Amino acid sequence: MWLSQAQQLNLTDTTSQRSSLFLEQLPETLTPKETALLPNYPNPFNPETWIPYQLAKDANVALHIYAVNGTLVRTLALGYQAAVGIRTVVVPRIGMVRMNSVNAWRVQCISIHIQQVISLLRVRC
Numbered sequence: 578m579w580l581s582q583a584q585q586l587n588l589t590d591t592t593s594q595r596s597s598l599f600l601e602q603l604p605e606t607l608t609p610k611e612t613a614l615l616p617n618y619p620n621p622f623n624p625e626t627w628i629p630y631q632l633a634k635d636a637n638v639a640l641h642i643y644a645v646n647g648t649l650v651r652t653l654a655l656g657y658q659a660a661v662g663i664r665t666v667v668v669p670r671i672g673m674v675r676m677n678s679v680n681a682w683r684v685q686c687i688s689i690h691i692q693q694v695i696s697l698l699r700v701r702c
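The opening residue of the sequence shown carries number 578 in my numbering; numbering runs sequentially from there.
None of these hints come from the bench; they were simulated from the model.
These numbers come from a predicted model, not from an experiment.
All residues carry an ideal CB built from backbone N, CA and C; glycine is no exception.
Do not rely on the hints blindly, as some may be mistaken.
What the hints assert, rightly or not - Pairwise CB distance ranges (calculated):
{"#": "1", "residue 1": "Lys-610", "residue 2": "Pro-669", "range": "25 to 35 Å"}
{"#": "2", "residue 1": "Thr-608", "residue 2": "Asn-646", "range": "33 to 43 Å"}
{"#": "3", "residue 1": "Thr-648", "residue 2": "Leu-615", "range": "17 to 27 Å"}
{"#": "4", "residue 1": "Val-666", "residue 2": "Lys-634", "range": "27 to 37 Å"}
{"#": "5", "residue 1": "His-641", "residue 2": "Pro-609", "range": "32 to 42 Å"}
{"#": "6", "residue 1": "Ala-644", "residue 2": "Thr-608", "range": "32 to 42 Å"}
{"#": "7", "residue 1": "Lys-610", "residue 2": "Asn-646", "range": "28 to 38 Å"}
Generate coordinates for the entire structure from the input sequences, incorporating the hints supplied.
Below you can see the structure in the form of structure tokens.
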């Protein structure tokens, strides 16, 4: 949208031309090179945890959360999303985590599956 508006102005000064060039290249810098599941924050002992991820291509996205025994605990259908920057899904702790366990997150984007395993160890002093 911004690029087409800038081009319609048809300005010839150097600053305007540089700005148009910047707008042309902007989508390339915002689109991640690979689909990735990033480390969650804060740890799932908190009331909620944020799970960041990035998409290399636009896709339908679903987040699957598994218990240590491989049982599916929760699925969040996140819908169709554009591949722009880092996105985050907030997951409440309710019914998801047990003390001293391992859970796994998996983001599914069409045919791409990325999994991250997290260990949950609570140390009491």
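Taking the hints in turn, this is what the structure says about them:
Between Lys-610 and Pro-669 the beta carbons are some 31 Å apart, a value that agrees with the proposed interval 25 to 35 Å. For Thr-608 and Asn-646, the hinted distance range of 33 to 43 Å is satisfied, since their beta carbons lie about 37 Å from each other. One distance hint, 17 to 27 Å for the beta-carbon pair Thr-648 and Leu-615, holds here, with the actual separation near 24 Å. The given range of 27 to 37 Å is broken by Val-666 and Lys-634, whose C-beta atoms sit roughly 18 Å from each other.
Against the hinted window of 32 to 42 Å, the Cβ-Cβ separation of His-641 and Pro-609 comes to about 21 Å, which falls outside the hint. Between Ala-644 and Thr-608 the beta carbon distance is about 34 Å. The supplied range of 32 to 42 Å therefore holds. Between Lys-610 and Asn-646 the Cβ separation comes to about 35 Å, which falls inside the hinted range of 28 to 38 Å.
Going through the hint list in order, the structure does not satisfy hints 4, 5.
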